Amino acid sequence: MLPITDPSAEQFLNTLSLIQRRLDTAQRQIASGLRVNTPSDAPDEVAAILQLHANIQQNQEIGQGLERAGIEASAGEGALSNAVTLLERAAVIATQATGMHHTAESRANLAQETQAILEQLVTISRTVVNGRYIFSGDLDQTPAYQVNPSSGTGVDRLQSAQATRQVATSNGTQFPVARSANDIFDARTSTGAVAPENVFAALTGLRWALLNNDPDAIKTYTSGIRTASTYLNTQLSFYGQVQNRIAAAIEDGHAAALRLTTELASRRDADTVAAIQELTSGQTQLQAALAARARAPRGSLFELL
Amino acid sequence: MINLFAAMRSSADALAVFSRALAVTENNVTNASTPGYVRQIQGLEALEFDPEAGIVGGVGAARIQSARDIYAEQAVRREAESMGRWQEQVDALAELESGFDLSGKGGIAGALSGMYRSFSAWSVAPNDDTARQNVIEQAGAAAQAFQQASRSFGKSAQDADSRLVGLVDQVNSLAGKLRDFNVQRRGVENENPGIEAGVYSALEQLSEIGGISVLRQDDGSLTVLLNGQTPLVVGEFQYRIAAGFSTPATPTPVYASGPPPARLTDASGRDITAETTGGRLGGLLQFRNRTLAALRGDPYQPGALNRLAKAVADTVNQIFTSGVVSNGPPPVPGVPLFVYDATNDTNAAQSLTVDPTVTTAQLAAASAGPPYQSNGTILQLAGLAAPQGASGKIDNLSFTQFYGGLAARVGRDAATARDQQTVQKDLLAQARSLRQQSSGVSLDEEAIHVLEFQRAFQATAKLVTTLDEMTQTVINLLP
Numbered sequence: 001m002l003p004i005t006d007p008s009a010e011q012f013l014n015t016l017s018l019i020q021r022r023l024d025t026a027q028r029q030i031a032s033g034l035r036v037n038t039p040s041d042a043p044d045e046v047a048a049i050l051q052l053h054a055n056i057q058q059n060q061e062i063g064q065g066l067e068r069a070g071i072e073a074s075a076g077e078g079a080l081s082n083a084v085t086l087l088e089r090a091a092v093i094a095t096q097a098t099g100m101h102h103t104a105e106s107r108a109n110l111a112q113e114t115q116a117i118l119e120q121l122v123t124i125s126r127t128v129v130n131g132r133y134i135f136s137g138d139l140d141q142t143p144a145y146q147v148n149p150s151s152g153t154g155v156d157r158l159q160s161a162q163a164t165r166q167v168a169t170s171n172g173t174q175f176p177v178a179r180s181a182n183d184i185f186d187a188r189t190s191t192g193a194v195a196p197e198n199v200f201a202a203l204t205g206l207r208w209a210l211l212n213n214d215p216d217a218i219k220t221y222t223s224g225i226r227t228a229s230t231y232l233n234t235q236l237s238f239y240g241q242v243q244n245r246i247a248a249a250i251e252d253g254h255a256a257a258l259r260l261t262t263e264l265a266s267r268r269d270a271d272t273v274a275a276i277q278e279l280t281s282g283q284t285q286l287q288a289a290l291a292a293r294a295r296a297p298r299g300s301l302f303e304l305l
Numbered sequence: 001m002i003n004l005f006a007a008m009r010s011s012a013d014a015l016a017v018f019s020r021a022l023a024v025t026e027n028n029v030t031n032a033s034t035p036g037y038v039r040q041i042q043g044l045e046a047l048e049f050d051p052e053a054g055i056v057g058g059v060g061a062a063r064i065q066s067a068r069d070i071y072a073e074q075a076v077r078r079e080a081e082s083m084g085r086w087q088e089q090v091d092a093l094a095e096l097e098s099g100f101d102l103s104g105k106g107g108i109a110g111a112l113s114g115m116y117r118s119f120s121a122w123s124v125a126p127n128d129d130t131a132r133q134n135v136i137e138q139a140g141a142a143a144q145a146f147q148q149a150s151r152s153f154g155k156s157a158q159d160a161d162s163r164l165v166g167l168v169d170q171v172n173s174l175a176g177k178l179r180d181f182n183v184q185r186r187g188v189e190n191e192n193p194g195i196e197a198g199v200y201s202a203l204e205q206l207s208e209i210g211g212i213s214v215l216r217q218d219d220g221s222l223t224v225l226l227n228g229q230t231p232l233v234v235g236e237f238q239y240r241i242a243a244g245f246s247t248p249a250t251p252t253p254v255y256a257s258g259p260p261p262a263r264l265t266d267a268s269g270r271d272i273t274a275e276t277t278g279g280r281l282g283g284l285l286q287f288r289n290r291t292l293a294a295l296r297g298d299p300y301q302p303g304a305l306n307r308l309a310k311a312v313a314d315t316v317n318q319i320f321t322s323g324v325v326s327n328g329p330p331p332v333p334g335v336p337l338f339v340y341d342a343t344n345d346t347n348a349a350q351s352l353t354v355d356p357t358v359t360t361a362q363l364a365a366a367s368a369g370p371p372y373q374s375n376g377t378i379l380q381l382a383g384l385a386a387p388q389g390a391s392g393k394i395d396n397l398s399f400t401q402f403y404g405g406l407a408a409r410v411g412r413d414a415a416t417a418r419d420q421q422t423v424q425k426d427l428l429a430q431a432r433s434l435r436q437q438s439s440g441v442s443l444d445e446e447a448i449h450v451l452e453f454q455r456a457f458q459a460t461a462k463l464v465t466t467l468d469e470m471t472q473t474v475i476n477l478l479p
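Just so you know, the sequences run in chain order A and B.
Numbering follows the working numbering, in which position 138 of the first sequence is assigned residue number 138; successive positions increment by one, without gaps.
Numbering follows the working numbering, in which position 456 of the second sequence is assigned residue number 456; successive positions increment by one, without gaps.
These are calculated hints, taken from the structure and not from any lab test.
Treat the hints with care, as some may be off.
[Said to hold, decoys possible] Lysine to any residue pairs mimicking SDA-like chemistry, simulated, CA-CA at most 20 Å apart:
| hint | chain 1 | residue 1 | chain 2 | residue 2 |
| --- | --- | --- | --- | --- |
| 1 | B | K105 | A | A265 |
| 2 | B | K105 | A | G63 |
| 3 | B | K105 | A | T262 |
| 4 | B | K105 | A | N130 |
| 5 | B | K105 | A | S32 |
| 6 | B | K105 | A | G33 |
Since this is a predicted model, take the numbers as computed values, not measurements.
Using the sequences and the accompanying hints, generate a full structural model.
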């Protein structure tokens, strides 16, 4: 490229270049809607912008996790509601069975109904949501129980796992969202013995008392059923609390998302009105500069000689 | 007593002088736009005149003077040197900063974010094999992003090296021209404006490439020094500089396998890199040996990109290995996920990859505690997106913020270079304008000279005609 030897032309071209750069910046901001397109547009904002992007995406992911946990908690709460209803029916059976008018045959029928309730509770303990056994604790790929009428508690424990999984929230806290079937239906003492609130044991005990036509035993297990029912209600209320915590965490997540996107916009987004004004004034300036240059005298005295 | 013939002879000489003056004016006009050319002034001097002694007087041509202002030339070279330095940095940094993606979706920032999200998704279903596989894939994507960034910086270095070689060739080529000019000018009493134009044009081009000092010797030749001390041209001799890419023996390299710096050496092999700060050479060396080296490393520093790659890999691996795959007993510890070249800190980013032998079953999801938590390790990994404590940080910044800092540094340098380039462009134009005013050709002025010399020529020609007629009259008086 030939060098420019006319210094005034060189200064004119420098000025044009400056105006053109302003126009390019304004056009880029209008087209992209962003004030910061490259690091040099606003170096001091770059790290914060990238971190905000990461925070927004992470917040979205946490929200999705909470939604999923909410679905499971809702399913758990519904399942345990059914379990509570079933156990209340068992309590009614137990109370009825103590009546003097019952025969061995009628008590045997009640024992069958009690067994059916036990089997339904085992089914509840195997509730699956999104491919996970939600009452199987940390080993959520396998069911926790199966029915075995000949065992002491009426069931076989297929695995023992605590429910230690927690979900995270947008503000960095974590909380548990599930209980295991071991804890809910098969409560044990620290030594591993059957606890008084063991639901499976209470139902199985009632069933055997009914099959044996033993009114005293029926009375004993009636009290056991009530103890187990009270315990099951506390497990149900846990899931209610989990749902409330998840709902609050989701709400916090929405607020965080709004705050983060607002901050990102303030740092990154273009002021479109200002950019349009800049574009307009730049175009006017450019045309004026070109027109003035075009009108500048180009001749010299030689043309008049 | 003056005779007519002597007067006619004097008039004829005057015509020759005016012709020469017009020739100088013609040369000025035709070279008005020639780079390096300055106005030549044909002086006129009155010859001795003493009619009593028979000295006819007349006009003589004085020595042609050059209007070159060496101080204006120095000012232009000074500004051209600064301009070249910033221009080179603008070009190099514009390419470098285009590699930083600020959308949060691409590049290292986007890849890290994807990895953090995979951890979060996994935390909801720790036993989900699909979620585990996604973790491995996203970690692999993060490793590839580091490799890509390392390759990109490497390409920038290669481009800078090619450019450096090209600039060195230009320096040597221009120095060769100046040496040739010296040979032509040596011993010649009068300056040749054509040769001078070439000399000063070459000097101006050379000053844009590197900071030069120019000394005129008594024999008319020029001595040109780079950086004020490295000879490029001395009389008839040229001293070539060279570009090289090797690690010097001193100072002792800390990272011996690091990418070698770019170096300049003079004709004797002396390293002149550190003193070369001006012009395009200075700007390019600044970019190559400071800006790029801070990112990709060199024999004296690991490079910020490698530090980040190493920190990400080490932190993720440490969290995985301190977690457990199962509680056992005995507890089965997790395995590291990332591997990199641990023998060469300047190669961490380029060599970062996911261990191909790691399976989904080996990923530790749980924290041993107490208390044991089935997704404790995963939540710790997910927390790297916005770490609260000291863990998961580098220079007290999250990994994403640290990467943003690299981009910000390049952006800051690019913005500064652009602003300085804008200022220098104006300063250079001003210096050239001042030079033009003091030394340049003004077409209007030359037009006035044409009128002056034309009239003088016409008047003298008329005088010659008149003297000729008078002489003829005298001759006709002879019987």
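Right, here's what the structure says about each hint:
1. The hinted pair formed by K105 of chain B and A265 of chain A meets the criterion: a straight-line CA distance of about 16 Å does not exceed 20 Å.
2. With a C-alpha separation of about 19 Å, the suggested pairing of K105 of chain B with G63 of chain A holds against the 20 Å cut-off.
3. Proximity of K105 of chain B to T262 of chain A is assessed by CA-CA distance (about 18 Å); at most 20 Å being required, the pair is judged to hold.
4. Restraint check: the Cα-Cα separation between K105 of chain B and N130 of chain A comes to about 29 Å, which exceeds 20 Å; the hinted pair is violated.
5. Our distance criterion of 20 Å between C-alpha atoms is met by K105 of chain B and S32 of chain A, whose separation comes to about 16 Å.
6. Taking the CA atoms of K105 of chain B and G33 of chain A, the gap is near 17 Å; set against the 20 Å cutoff, the hint holds.
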